[in-house]
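Number of protein chains: 2
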Amino acid sequence: MSLCFLLSCRAGILLAFVMAVVVSATPSAAASAAEPAAVRTLRHVVLFKFKDSSTPADVARIVEAFRGLPQRIPVIKGFEWGTNVSPEGKAEGFTHCFFVSFATEADRDAYLPHPAHKEFVGIVGPHVDKVCVVDYWTQP
Amino acid sequence: MSLCFLLSCRAGILLAFVMAVVVSATPSAAASAAEPAAVRTLRHVVLFKFKDSSTPADVARIVEAFRGLPQRIPVIKGFEWGTNVSPEGKAEGFTHCFFVSFATEADRDAYLPHPAHKEFVGIVGPHVDKVCVVDYWTQP
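Chains as they are written, first to last, in the working numbering: chain A, 30 to 169; chain B, 30 to 169.
Think of the hints as simulated: they come from the structure by calculation, not from any bench.
You can trust all of the hints, since none of them are fake.
Same chains, same names: a pair is fine if it fits in one copy or spans any two.
Subject to a maximum C-alpha distance of 20 angstroms in a straight line, what follows is the list of computed SDA-like cross-link-like pairs (lysine to any residue):
| no. | residue 1 | residue 2 |
| --- | --- | --- |
| 1 | LYS80 | GLU121 |
| 2 | LYS119 | ALA139 |
| 3 | LYS147 | GLY118 |
| 4 | LYS78 | THR167 |
| 5 | LYS106 | PHE128 |
| 6 | LYS119 | PHE131 |
Here chain A stands alone, though its shape is the one from the complex (with noise of 0.2 angstroms):
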């Protein structure tokens, strides 16, 4: 019975392995519920009118070298952005929406002094006629 026994005990510990991988890649069912959740996330939002004397080559150049930014600058924990779509005509003109994540505080703060967001405030800011920026951090 002894190669038995070692068969079902490596077979336990490979279970046990697997079984602790899923337990730590399953997000906690508490946090998405009543409890608020346990990672909050800092938001920041930036809306953009370009000027009338933009060119569409103009604004999608700056499209191109805002989405370049993760890459470039490691604490960017998400991004995504996209033009305006909605019908109901209170956009104060904004078109473009580009919508940035942060782990932290200290993340944001190193993100605006950034050579390489220094580069695109210098690209982006001759087309700007209008900005709005907000941070937030996340609550359900």
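Using the hints provided, position chain B relative to the given structure of chain A.
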């Protein structure tokens, strides 16, 4: 050896099942890399600046009313909110951001005239100094 065979068979089946659960719970790596995300989301970003005459209790009541909408309007796919903590001074007076997600334009179009949303608009309306609403389809 038949007990041994049974033991290792049972462990093997359990292990296969657990590994299938792990694989099915792991997000596709392909979807988050160079390929555009297969599932795009319609974001609905709402910024508020409340009147100076609105009290903290008024604002708290508005926040709770908005927070109650996901339970009353099933087409809301995601909801979070927060108050501005940007150090940049470019928030244009906006203090509150509500970030609502929908799966489809039809869902957003069902949300806007929904009685529960209309009721919320009636609650917030008298307190709004400025509002800005931008909707966008998520792009990476």
